[in-house]
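Here is what each chain is made of, one letter per residue.
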Amino acid sequence: MSETCMMVLIVLDLALLGISMVNTGILIVGLQGALLGAFVIAVNAPALSPRLFVIACAGIAIKGFLFPLLLRRTIKEANIQRDMNPFVGASLSLLIGILMLASALWLGAELPLTGVIRAPFTVPASFMTMFTGLFLIIARKKALTQCLGYIVFENGIYAFGVAAVGEIPSLVELGLLLDAFVAVFVMGIAIYRINQEFDHMDADELRSLKG
Amino acid sequence: MDNTHPLLLTCLLCVPAIAAGLAAVTARSLRAAAFITAAGIGGGSALGLAAAVEAGKHGTISALGSWLYVDALSAFNLAVMIIVYIMSTVFAFVYFKEEARAGAFSLKQARQFAALWCGSFTSMTLVLVSNNLGIMWVGIEATTLLTAFLICIHSSRHSLEAMWKYLLICSVGVAFAFMGTLLAAASSRHVAGFDIHQALLWTRLRDHAAMLNPALIKAAFIFLVVGYGTKAGLAPMHNWLPDAHSQAPAPVSALFSGFMLNAALYCIMRYIPIVEAATGHAGWALTLLAALGVFSIGIGAAFIVFQQDIKRLLAYCSVEHIGIIALGLGLGGIGVFAALFHTLNHSLCKSLSFFAAGRLGQRYGTHDIRLLHGATRNSRLWGTALFVSLLALMGVAPFALFMSEFRILKAAVDAHAFVLLALFLCGVSVVFVGMLSKAIPLMWGESTVSVAAPDIHTRLEAGLVVIPLAALLALGCWMPGFLGTALTQASDIIRTGAALPPH
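Chains A and B, in that order, are what the protein sequence lines are.
Using our numbering, you'd call the opening residue of the first sequence number 1 and step up by one each time.
Using our numbering, you'd call the opening residue of the second sequence number 1 and step up by one each time.
Only chain A is shown next, with the shape it has when bound in the complex (with noise of 0.2 Å):
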């Protein structure tokens, strides 16, 4: 179960790279939410705690549906144009993308991790999903990718943490997921703040300040 759940993250880490529309990203940012939920859930099965059990349903409710609620609704009150608007094409990320892949899968097989992860095939599934956030964040010109992009970044290392380190303390969790659930917000807000300003949103644009 676990193992199907980082071979579909893969999956969608490949489709966020090959997609144009805005909409489509944020739709599959939120399907990676959920995904990482239902993860935290198939890998502490045997002994699931009620207090796992809740945290995992917190996860899958602020990264599943309240993420992609705030962004859709940044969307609306910015009024932002719905296409990606990439430096670098769709069919080169994909490229790019599958070489992602090879250095994940090598960094999974170098890191000595035997013993600590409790989930098969979930480092270089991370660490993939890890990559593909920070790629987003370089090759996406729109403010609003870069956004979904730290999303991204941030779904990988907390896979990487359910396997490697299992249960840490519910209240630093929560910690956590507040973090998140604020750092969304407040790029949220400083989107529709930037957009008010320079009537567009592509972050390449945001070059005045140098040197």
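It should be emphasised that the hints constitute simulated quantities derived from the structure, not laboratory data.
A quick note: this is a predicted structure, and the numbers were derived from the prediction, not measured.
Treat each hint with caution, since some may be false.
[As the list claims (entries may be wrong)] When the alpha-carbon atoms are kept at most 35 Å apart in a straight line, the in silico DSBU-like pairs for lysine-lysine are as follows:
1) 108(B) - 210(A)
2) 410(B) - 97(B)
3) 218(B) - 410(B)
4) 410(B) - 57(B)
5) 97(B) - 108(B)
6) 141(A) - 210(A)
7) 210(A) - 97(B)
8) 76(A) - 210(A)
9) 141(A) - 108(B)
10) 210(A) - 438(B)
11) 57(B) - 97(B)
12) 141(A) - 76(A)
13) 410(B) - 76(A)
Take the given structure of chain A and dock chain B to it, following the hints.
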């Protein structure tokens, strides 16, 4: 033995947080916003100092089942933070009073500022008093989120651009640090009898440091240095820093440079003893830090030479000084003591120079150094303050920054790190020449802009200039006994992880 002070430490976190909430909801006038800020920061500072004194007396204090923990290292940083906050808050009153007089500071902005200012006090305190490394990370991330909108209190294209860069680069950077935190926790999984629920407690990791998986803890430290280093402004992760520092209002720039960078560096300091013990005291972590430090000094020096904007110049100067602190930490031995001493000196001096740059900016309507020529004649107090603080920042004796840099030099000689020594000397020489060439015209240059406003200043402003300069001068000539003890205890924690027994 730990001493528990649950009330003190919880109040320390709650008072400024409540003030932040009150300011956001109830402030109906500029005066009310100012009052709430003063009460929140004043109350928080008093409690923080009390906690630092208690920690000094007993060695360590803790609360809430060791989740909150103050030892000599956190106490020292707490004290520096409080000094910077008090100075910057007083300056904020002076600065925004002028803005309000010019009609550029509305109630909405005041409310936003007061709430975020008190909120950032809480989050930085949380970083310093958390024993749980996960919560410490939460505190740093919260600092980013709370201070982002402080940059664009005055909404303009440039300030929004700076805010977005800051928000994105620091969020992603700090996410790297979270990966590092997870790897550090994972490195303890095989340790027998190690409760996974306590894997993130610093004291637990320190006690079991020798048994951690060295390869994993090394990987963790790389992520941590990249992550927290981004927030601390270590090159090459410093790109957000000059923009944010130059576009933020002066009190915010002062806080950023004066303490926010230190808070991120503090997180790295916490991991040094753990990583060193886990890797058999081979100096692996220290080498990494020293290399990044020297690189930052070089980058700072290279960019200082070409700066025409005084606030950007000061920002690159921060990159350089954070580099010096990292180098001191990396050299080990007396270098750690000197690095901590340098954080205090740099915070005092950099806050003052940002105050001066901000006030001159208000007077001249620009931060272009070429237009500020002759500033000491035009605005005697703030012009002189900028000139003297620039001298202190470039390392002129007998200011305290010279003394701490000299000790780092000595540490490099002691450690036979002659390559680092040469690079360090090259860097500070370039900075010296670069900054001196910008500073001299401030004093003796012909002013090209005529400023009509009369050169008057209040006693409060004079105090803001005189007190830090006098302190820097005094610390340069003489180190008070209590400061020496505090620095020794704090540096012992970084070097060995152990807190000294109470005395």
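(request) Would you check the hint for residue 410(B) and residue 57(B), treating anything up to 35 Å between C-alpha atoms as holding? (result) Given that 35 Å is the threshold and the Cα spacing comes to 31 Å, the pair holds.
(request) Verify the proposed pairing of residue 76(A) with residue 210(A), using a straight-line Cα cut of 35 Å. (result) At roughly 32 Å apart (the allowed maximum being 35 Å), residue 210(A) and residue 76(A) satisfy the hint.
(message) Between the alpha carbons of residue 141(A) and residue 108(B), is the straight-line distance 35 Å or under?
(response) holds (32 Å)
(message) Please verify whether residue 97(B) and residue 108(B) have alpha carbons no more than 35 Å apart.
(response) holds (15 Å)
(message) Between the alpha carbons of residue 141(A) and residue 210(A), is the straight-line distance 35 Å or under?
(response) With a Cα-Cα distance of about 18 Å, the restraint between residue 141(A) and residue 210(A) holds, given a limit of 35 Å.
(message) Can you confirm whether the C-alpha distance between residue 210(A) and residue 438(B) stays at or below 35 Å?
(response) holds (19 Å)
(message) Hinted pair, alpha-carbon criterion (35 Å max): residue 108(B), residue 210(A). Please report holds or violated.
(response) The hint holds at about 30 Å.
(message) What's the verdict on residue 210(A) and residue 97(B), does the C-alpha distance respect the 35 Å limit or exceed it?
(response) Between residue 210(A) and residue 97(B) the Cα gap is close to 31 Å, so the pair holds against 35 Å.
(request) Could you grab the alpha-carbon distance between residue 410(B) and residue 76(A) and see if it respects the 35 Å cut-off? (result) violated (60 Å)
(message) For a C-alpha distance cap of 35 Å, please report whether residue 410(B) and residue 97(B) respect it.
(response) Since the Cα atoms of residue 410(B) and residue 97(B) sit roughly 45 Å apart, the hinted pair is violated (cutoff 35 Å).
(message) Against the 35 Å threshold, does the CA-CA distance of residue 141(A) and residue 76(A) hold or violate the hint?
(response) Satisfied, since the Cα-Cα distance of roughly 18 Å is no more than 35 Å.
(message) Hint check: residue 218(B) vs residue 410(B), CA-CA at most 35 Å. Holds or violated?
(response) With Cα atoms ~28 Å apart, residue 218(B) and residue 410(B) stay inside 35 Å; holds.
Checked against the numbered hints listed earlier, the structure breaks hints 2, 11, 13; every other hint is satisfied.
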